[in-house]
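J.: As you go down the protein sequences, you meet chains A and B in turn.
Here our numbering is used: the first residue of the first sequence is 1, the next is one more, and so on.
Here our numbering is used: the first residue of the second sequence is 162, the next is one more, and so on.
Hints in this document: simulated from the structure, not taken from any laboratory.
Each statement offered as a hint is correct.
Derived coverage of chain A by chain B (criterion: at least 3 residues anywhere in the stretch with Cβ under 8 Å from a Cβ of chain B; other residues may be distant): (1) 27-38; (2) 43-50; (3) 55-65; (4) 70-76; (5) 79-91.
Glycine included, C-beta positions come from ideal geometry on N, C-alpha and C.
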Amino acid sequence: MYDYLRAEGVTQIAYVPDAGHKVMIDRSLADADAHSIPLTTEEEGVALLAGADLGGAKGVLLMQSSGVGNCINMLSLTAGSRFPLLCIVSMRGDFGEGNPWQFPMGRATQAVLEAMGVVVLRCDAPEDVMPTIRAACSMVWGSGEAVAVLLGQRLLGAKKF
Amino acid sequence: MAQLKRIAGVNQPAATLDRREAVPALIERPQDWLVVAGLAGTAQELCAMTDDGPNVFGLGGAMGAGPSMALGLALAQPNRRVLGITGDGELLMNIGALGTIALAAPANLKLVCVDNGHYGETGNQDSQTGLGVQLDRIAAGFGIAVVHTINTMADMAEGRRILAAPGLAFILLRVKEGPAMKKPRSLRPHVVRDRFRAALLGR
Ligand SMILES: Cc1ncc(C[n+]2csc(CCOP(=O)(O)OP(=O)(O)O)c2C)c(N)n1
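Here chain A stands alone, though its shape is the one from the complex:
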């Protein structure tokens, strides 16, 4: 996934860490030709990638499903200005979740994204992941849409508590 996104021209990789994104984050940190941008809150990433688009660059925002809640009003920037936006969301409060704190936002993630005009594509099996990422890239940079790819806990595995 990392190599594919870099080949698509992604140069800004922004994130608040989640275990599901560990490999992507580590790859971005090891990549001298890309900007690995740790954020304090996910909504910064929505604005950051809008700025990247103004300057003709591409980026991706990696976040946990709880971070989707932090982005709601900032997505009015994306929708109103028709900025392309690619988010990859690792789900919590989903299949097999053992932490009750994760359920309210996990249940609301897809509805919140769709309410703010973001197209949601979901992956629950390993063989779905790359076709979904390829589809998302063409929707984002071909058509200018905002797309979130949700990586479900059936795929990522539930954290043990």
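With chain A's structure known, arrange chain B with the ligand on it following the hints.
T.: Only chain B with the ligand this time, still in chain A's reference frame:
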């Protein structure tokens, strides 16, 4: 009317500058920059100063977006000078962005906060900075190496020098309450995006 209490023990000079004079005195040639301006006062004045120029993305909402957008733009365009200009209210809403910016530290990015101590747009309610919160000390605490505060016209020359020099910097421009310069501007953000990209990228 009940009043919010000032934070005890903070002594700052009273703000005396009028933003309608101070902002153009600091940013003499706005057309030379790629500009992201925060909602309310700073978007109004940068759009007014450039006659709604295509090099200015003036926000009309998404409060808190300005500094982060300027960072994304600066990283995307390392050979252009990028100005992120914002109000104290907008900066406070996403104050952590200063840390994100300090870490990335693009040499072509300058941040200016026009600090009127108030939420001017919504009826001039006191903001935290009007009650003693010091954004220049916060910026320095986040690790931004060059921080300069402008209280009077005498501080302006150093501000202009910093804007002209390479390197990330944060300038706190303290102004009194009062209106920003204003002219009609497009509030349709997709139009503003498209014309910004067309002027910069030709697409
Ligand atoms: C999330 C959100 N909360 C509140 C508002 C209402 N609002 C619009 S402008 C503004 C004040 C902005 O203050 P500042 O950045 O200091 O700029 P000034 O108006 O003083 O120039 C506020 C609170 C908003 N637009 N968005």
